[in-house]
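Enquirer: Sequence:
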Amino acid sequence: MIGDSKRGRGVTRQVSPEVCAAIGELPLPVDWSRVRLYRAGCGGGAGLTRRLVLWLSRGRAVALGNHVFLPARCDGDLPLMAHEVTHCAQYQSWGPWRYFTRGAAAQVSDLVHRRLGFGRSPYAYHPAPDRSWDAYGIEQQAQIVEDALRGSAAARAITEGCRARGT
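Letter by letter, the sequence shown follows residues 726 to 892 of this note's numbering.
In short, the hints are calculated from the structure, not lab data.
Fair warning: there could be bad hints in the mix.
Label pairs and their calculated CB-CB ranges [to be verified]:
#, residue 1, residue 2, range
1, R827, L781, 12 to 22 Å
2, A829, W780, 14 to 24 Å
3, D859, G749, 14 to 24 Å
4, L777, D855, 40 to 50 Å
Note that CB positions come from ideal geometry on N, CA and C, so glycine has one too.
Based on the provided sequences and hints, a complete structural model is requested.
Expert: See the structure below:
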């Protein structure tokens, strides 16, 4: 299971040190102590919030700032968790205004792409050896991290190259 470290009454959970280590270093720095998980089994207001967010997202995992909402079927999916935590790192690095405006634009773009067939998916990326991390979009960055953990050599080369260049 992802994250065992409880906080408060166990309503939300911090990411466990084991999961932090398994995900490894992300291209953007992340303060793991600020990240909160909302998973199946959380109760009270957190459980209600989780159910509402997942209902609005139609059951898709979502990161809103430092808060990660996971459907039960995604509970043990480490690459997906890394995808969502990448969004937490973006929020921490960019601040709320830049994060939420880019995220909203990406979600509108994804909706138009999926429903109407216009444009391309904001999750799709083409590896370029010397491309900086900032040149990738909000969802592209998260998808690259997820793909790297799923074993994609191209995605791993992007994350390692960006970390090595400091971009």
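Enquirer: Take the hints in turn and mark each one as holding or not.
Expert: We went through each hint and held it up to the structure:
| no. | hint | result |
| --- | --- | --- |
| 1 | R827 to L781: 12 to 22 Å | 19 Å, holds |
| 2 | A829 to W780: 14 to 24 Å | 18 Å, holds |
| 3 | D859 to G749: 14 to 24 Å | 20 Å, holds |
| 4 | L777 to D855: 40 to 50 Å | 43 Å, holds |
Every hint, counting from the list given before, is met by this structure.
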